[in-house]
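Student: Listed below, chain by chain, are the residues.
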Amino acid sequence: MFKERKIIKELKKLRVAPADKVFLARLKENLVEFMRFHPVRGPIKMPVLELSPLSIFGGMNLAKALSVFLIMAVVLGGAGAAWASEAALPGEPLYALKTFGEDTREKLTLNPQKKAELGLRLAEKRISEIEKIMAEKDYKFANVQIARERFRGHVRLASDIAEKEARLGKDGDFAALITNELHTKQVKAKQVFENEQDKIKTKRHKLDRELELVEERAKSALPDASLEASRAGKLRAKIDDLSLLEIEIKNSKQIITENFSAERKKIFDELGEEERKIEEARERKEEIDDIDADPDDDGDDNNDIDGAAGAAAGADLIDIDENIDATIGNVGHVDHGKALYDDIESEFDAIDIDDEEGM
Amino acid sequence: MKKIEEKFEKAYDLYAKDILRHVYFRLHNKQAAEDLTQETFFKAWQSLALGKTKEIKNFRAFFYKIAHNLIIDYYRSKKPDISLEKLEEEQIEAVAAVAAEQEREADLGIEKEKLEKHLHELKEEYRQILVMRFIDDLKVAEISEIIGKTKTNVRVTIHRALASLRKEMENDLNVKKYV
Numbered sequence: 001m002f003k004e005r006k007i008i009k010e011l012k013k014l015r016v017a018p019a020d021k022v023f024l025a026r027l028k029e030n031l032v033e034f035m036r037f038h039p040v041r042g043p044i045k046m047p048v049l050e051l052s053p054l055s056i057f058g059g060m061n062l063a064k065a066l067s068v069f070l071i072m073a074v075v076l077g078g079a080g081a082a083w084a085s086e087a088a089l090p091g092e093p094l095y096a097l098k099t100f101g102e103d104t105r106e107k108l109t110l111n112p113q114k115k116a117e118l119g120l121r122l123a124e125k126r127i128s129e130i131e132k133i134m135a136e137k138d139y140k141f142a143n144v145q146i147a148r149e150r151f152r153g154h155v156r157l158a159s160d161i162a163e164k165e166a167r168l169g170k171d172g173d174f175a176a177l178i179t180n181e182l183h184t185k186q187v188k189a190k191q192v193f194e195n196e197q198d199k200i201k202t203k204r205h206k207l208d209r210e211l212e213l214v215e216e217r218a219k220s221a222l223p224d225a226s227l228e229a230s231r232a233g234k235l236r237a238k239i240d241d242l243s244l245l246e247i248e249i250k251n252s253k254q255i256i257t258e259n260f261s262a263e264r265k266k267i268f269d270e271l272g273e274e275e276r277k278i279e280e281a282r283e284r285k286e287e288i289d290d291i292d293a294d295p296d297d298d299g300d301d302n303n304d305i306d307g308a309a310g311a312a313a314g315a316d317l318i319d320i321d322e323n324i325d326a327t328i329g330n331v332g333h334v335d336h337g338k339a340l341y342d343d344i345e346s347e348f349d350a351i352d353i354d355d356e357e358g359m
Numbered sequence: 001m002k003k004i005e006e007k008f009e010k011a012y013d014l015y016a017k018d019i020l021r022h023v024y025f026r027l028h029n030k031q032a033a034e035d036l037t038q039e040t041f042f043k044a045w046q047s048l049a050l051g052k053t054k055e056i057k058n059f060r061a062f063f064y065k066i067a068h069n070l071i072i073d074y075y076r077s078k079k080p081d082i083s084l085e086k087l088e089e090e091q092i093e094a095v096a097a098v099a100a101e102q103e104r105e106a107d108l109g110i111e112k113e114k115l116e117k118h119l120h121e122l123k124e125e126y127r128q129i130l131v132m133r134f135i136d137d138l139k140v141a142e143i144s145e146i147i148g149k150t151k152t153n154v155r156v157t158i159h160r161a162l163a164s165l166r167k168e169m170e171n172d173l174n175v176k177k178y179v
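Those sequence lines, one after another, are chains X and F.
Under the UniProt record's numbering, think of the first position of the first sequence as 1, with each following residue one higher.
Under the UniProt record's numbering, think of the first position of the second sequence as 1, with each following residue one higher.
Treat the hints with care, as some may be off.
Here are the simulated SDA-like cross-link-like pairs (lysine to any residue), alpha carbons at most 25 Å apart as the crow flies [claimed, not checked]:
(1) F:Lys30 to X:Phe23
(2) F:Lys65 to X:Gly42
(3) X:Lys6 to F:Leu122
(4) F:Lys57 to X:Phe34
(5) X:Lys3 to F:Ala163
(6) F:Lys43 to X:Ala19
(7) F:Lys43 to X:Met46
(8) X:Lys9 to F:Asn29
(9) X:Lys3 to F:Arg160
(10) F:Lys43 to X:His38
(11) F:Lys30 to X:Arg15
(12) X:Lys21 to F:Lys112
(13) F:Lys7 to X:Leu27
(14) X:Lys45 to F:Ala163
(15) X:Lys28 to F:Asp13
(16) F:Lys139 to X:Leu14
(17) X:Lys3 to F:Val156
(18) X:Lys12 to F:Glu124
(19) F:Lys3 to X:Phe34
(20) F:Lys139 to X:Gly42
(21) X:Lys13 to F:Glu142
Pairwise CB distance ranges (calculated) [what the hints assert, rightly or not]:
(22) X:Lys114 to F:Lys3: 19 to 27 Å
(23) F:Lys3 to X:Gly91: 38 to 46 Å
(24) F:Lys149 to X:Lys12: 20 to 28 Å
(25) F:Ser47 to X:Arg26: 16 to 24 Å
Sample of chain F residues lacking proximity to chain X, with all beta carbon distances greater than 10 Å (derived) [unchecked claim]:
(26) Asp13
(27) Lys17
(28) Val156
Quick caveat, the hints were computed from the structure, so don't treat them as lab data.
Cβ atoms here follow ideal geometry from the backbone N, Cα and C, with glycine treated the same way.
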């Protein structure tokens, strides 16, 4: 297997076989000419094709090419990306690139003293980042934590180097210098956090005071509010009562209307019945009159018969009269019933006259 | 339609060099490689213009397939009565080309010329698979599509081709470098 791997490795090296650029350029010219004279007519489905910027790395895979690119950008100090990321703060997209660059620079610095100095410079950068973050209005403390952790890392690194240098007895002055610088940095970082703490305390105190004022205002507004609420409640109760009343009135009106209609119907029916009876009585009277008008009549027997019939008819009419009065009395001012009554009354008058003449 | 032309030109820029290299390693002949490379791209465009191809899913595979078929045709059409002188001439050209390349490749583990020679001594089926897999860096799936064989078949052939190449190299006097 080992041998096969070596063979594969050597085969892969053949990838760098140089191509004849002149030939390829000439071929392209001919091809373009050919394409112009033989155009494509119908639609052709083609994949999306972009010239890969990684093609300049000639066959490297993506991960390797990206690493090379980043390292080149960082180490050479060039490339827009490295410059653009310089101002990035924790939580921003370019911050990862910035820290990657710093870590790479750190790893590539082999001299211990230079490495320690780099650590100090980076620690100073972290303090500056923390100050900038906390100067923002609504900052996320998580971002401060990121910068703080990196600050600790730089300080630890520089401290370890200084300690090692001192232990090995290499450069005591340098070790002392680094230690002093570290102390200064830590004091500065502490000051930054203490300033922030004071700011937060002041802010909090202010908020507490505002909260107290709001609470006091709320308390004083409470009785008025209660009164208003009570008044509102009473009004609401009155409205409810009125609503109920309205319903009751509506219902009563309906009941009265229904009752009145029923009564009216009853009266009309009764009047109608009375009318019928009057009509019957009239017909009977006419029959009796017809009998009286007969020439063969001898007198007494017929008179008795006539008289009885007439009295019966009259009694009927009187009963009818009384019933009608009662009905009209019940109804009150029913115009139709009254008109009917007037008609009936005139009938009565007509009947009395006839009886007197017959007798 | 201009979009199609632009895309095709872009695809040419991306893959022309790979196709030329591939054909060269298959034929071991610079002139033949150039001719076939030219023919590959002309044929590719022609199949679009004539409506024979209505869809290209993968430009790379498309070009490799055409080149592969042309190479097969080339071997089939190679007349047996080709003169020995012509053969020698071709070989001399090939060696000269390799020697020229070797000047630029100073730090290889093995002599590139010998590797190419051994590669060329393999049977075509093995050579094509090794060139496609390790020099052209094509995936097994892509090779399977180009040569029209199953992926399993391709994997087995790769394994056999490597074994065969190793055997060729071990038979050579420079075998010590691999032990």
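Student: Each hint should be assessed against the structure and marked as holding or not.
Tutor: Going down the list of hints, with the structure as the test:
no. : hint                            : in the structure
1   : F:Lys30 to X:Phe23              : holds (11 Å)
2   : F:Lys65 to X:Gly42              : holds (23 Å)
3   : X:Lys6 to F:Leu122              : holds (18 Å)
4   : F:Lys57 to X:Phe34              : holds (23 Å)
5   : X:Lys3 to F:Ala163              : holds (10 Å)
6   : F:Lys43 to X:Ala19              : holds (21 Å)
7   : F:Lys43 to X:Met46              : holds (17 Å)
8   : X:Lys9 to F:Asn29               : holds (24 Å)
9   : X:Lys3 to F:Arg160              : holds (14 Å)
10  : F:Lys43 to X:His38              : holds (11 Å)
11  : F:Lys30 to X:Arg15              : holds (16 Å)
12  : X:Lys21 to F:Lys112             : holds (21 Å)
13  : F:Lys7 to X:Leu27               : holds (17 Å)
14  : X:Lys45 to F:Ala163             : violated (41 Å)
15  : X:Lys28 to F:Asp13              : holds (8 Å)
16  : F:Lys139 to X:Leu14             : holds (17 Å)
17  : X:Lys3 to F:Val156              : holds (18 Å)
18  : X:Lys12 to F:Glu124             : holds (19 Å)
19  : F:Lys3 to X:Phe34               : holds (16 Å)
20  : F:Lys139 to X:Gly42             : violated (31 Å)
21  : X:Lys13 to F:Glu142             : holds (21 Å)
22  : X:Lys114 to F:Lys3: 19 to 27 Å  : violated (55 Å)
23  : F:Lys3 to X:Gly91: 38 to 46 Å   : holds (42 Å)
24  : F:Lys149 to X:Lys12: 20 to 28 Å : holds (23 Å)
25  : F:Ser47 to X:Arg26: 16 to 24 Å  : holds (22 Å)
26  : Asp13                           : violated (7 Å)
27  : Lys17                           : violated (4 Å)
28  : Val156                          : holds (15 Å)
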